[in-house]
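Chain order of the listed sequences is S and B.
Per the working numbering: the first sequence ends with 227, consecutive numbering throughout.
Per the working numbering: the second sequence ends with 630, consecutive numbering throughout.
The set of hints was computed from the structure by calculation and includes no laboratory data.
It is possible that part of the hints are untrue.
Distance condition first, Cα-Cα at most 25 Å in a straight line; then the derived BS3-like pairs of lysine-lysine [as the list claims (entries may be wrong)]:
(1) S:K121 - B:K231
(2) B:K622 - S:K81
(3) S:K208 - S:K222
(4) S:K70 - B:K622
(5) B:K231 - S:K122
(6) B:K617 - S:K81
(7) S:K81 - B:K231
(8) B:K620 - S:K70
(9) S:K117 - B:K231
In case you want the letters, here they are:
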Amino acid sequence: MAIITLNSISRTYNSKQVPVHALNCIDLSFDEGEFTAIVGPSGSGKTTLLNIVGGLDDPDEGDVVIDETKINALSGNEKIKFRLHHIGFIFQAYNLIPVLTARENVEFILELQGVPKSERKKRSAELLEAVGIPEKADIRPRQLSGGQQQRVAVARALASRPRFVLADEPTANLDSASAENLLAIMQELNQKENTTFIFSTHDERVVKMARRVVTLQDGKIKTDETS
Amino acid sequence: MLIKIAWRNIWRSPVRSWIIIAALLVGMFAGVFSSTFINGWMVQRLRDGVETETGHIQIFPDGYQNSREVSLYMKPGQLTGVLEHSAASATSPRLIVRGMAASAETARGIVAYGVDPDAEKQVLNLHEKIVEGTWFDSPYSRPIIIGQKLAEQLELKLKSRVVLRFQDVEGTLTGGSFRVAGIFRTSNTAFDEGHVWVKKETLSELLGISSQNCHSLVIRLNDAEQAMNVAGELQAELPGTEVVPWKELSPELGYLTELGNTYLYIFVIIILLALGFGIINTMLMVVLERVREIGMLMSVGMTRWRIFLMIVLETVMLSSTGGLLGIFLGMIAVWRLSITGIDLSVWSTGLTEMGFNPIVYLEWDAALVLSIALLVVATGVLASLYPAWKALKLKPSEAVRAI
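Using the sequences plus the hints, can you model the full thing?
So this is what it looks like as structure tokens:
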């Protein structure tokens, strides 16, 4: 059953008076529990697509429907609240809060949701255990390796039990071993918690592990293959 | 968590934070120091003025204040009940006359007070300002107490003879010869050169007024702050008199504290205004450095209001740390200098000409310091608004990828 539906999505950027068609009439849907890679060359519209699905950007045309909510029709603050409760984000540059420890970074999202302290502690411990770094719970991001930081980011993205996780080039800054570890963890969480994962990536390892690969070119869907 | 993040954010760039904290610390130290310094100065002048010169309240016959006519005086029966007022602790009836004091060398215009020395000691502390001789404790039949400045002008010393000349109650020129029994020095040179004290019975004899009568009744209260209220109450009870509290007897004294406070607030606001721009600059740098982080916070679900609050909290904490530290250090300095005082004797001539004591004891004013502390917090809040607004204008999709 589709949890995300994109209907005729178009997005054009006016860069230096020259319009750039980042997305051109995209129709796409994602089912619950998918592990999908969005691939394509630079400028093909991967990041724009993730931004629009995540409500970080609005399409010029078309609608994004998530669980029957048309998110491009929501106000700025409504979108922020929607993201908090329904969407997890993993960024290429980890983007953890540097002044908080690994555990606090995970708990932060739960606190924004108003989850009680005891529950926050339990969930953060559970997730740090799941991503394999329970011993790093009280360490700040600066003292963690890139791979460890991205694992904390994964734990943070999953903290609120979102309907789906959007990951923008999650392995781009990682060495091979860290990238494979991270992918294995995400795959396990995808299967265990049935969380939908949607990646934008150039990384062949991610593509190989994905069960569905959507290829974009010049803002259009070139291929959409499910293995 | 928001408070924790804001506090820890301050220490992400410790050197920058310490610079702004140091600026606030110095600014607020200066604010507290100068406020208590000026307050001390004003309070001392006020205290000297009220305790040495005017007393808390004076009662005059109706019309005396304007005419200064010797023939306008009060009889004992007019003032019954004053001492019975619960707020009054002591009274001293005075005869007052304006005239000339002449020595063998020269003469000066003066105001002579005829007093009961013991009663006068109860209402004013002039007897404590005697630098030579005694407060009427002398073998002379007509002792006179004069100010040091007048003594210098008339070239008088202890035991010197001085002649007072004035008009009596009939308007006839009269006068008498007196011997200097005591010389006083207050912090107000103008007061010292224009006022002399003699015994009431001597002056009454020369003026031709019964020594039971008086031109003024000086009242000391248990609490000087009550002067206005008590004056109002006494005025209602004493028809045919003018009851004048110290603020009206010497209006410039009444304005002193208000003037001092106004000056202080202007001074502190100028300091905070200058510091406020420094804080704005720092916080703008903070926001610019954290564009990606702010974008991430918006992306993961932190509302714009919370981001705004986070920046405001950070700014308020930063400014409060420096401000409150400065106020605390200022309080320590004030505590010490309220005991030892600051010696400004180098400028004593000019200061005493204006009635100010050259040794200034810093005077604590809790309300003033609390106001300064609140102004620091308010500055923090105001200085945070523009940087916080800049943060709110960021688009999460762009900010999250900022370098």
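Hint by hint, here is what the structure shows:
1. S:K121 - B:K231: holds (17 Å)
2. B:K622 - S:K81: holds (16 Å)
3. S:K208 - S:K222: Cα-Cα ~18 Å, so holds.
4. S:K70 - B:K622: Distance ~20 Å between S:K70 and B:K622 Cα, so the pair holds.
5. B:K231 - S:K122: At roughly 20 Å apart (the allowed maximum being 25 Å), S:K122 and B:K231 satisfy the hint.
6. B:K617 - S:K81: Holds, at roughly 21 Å.
7. S:K81 - B:K231: holds (22 Å)
8. B:K620 - S:K70: Roughly 24 Å between the alpha carbons, so the hint for B:K620 and S:K70 holds.
9. S:K117 - B:K231: This hinted pair holds, its Cα atoms lying about 15 Å apart.
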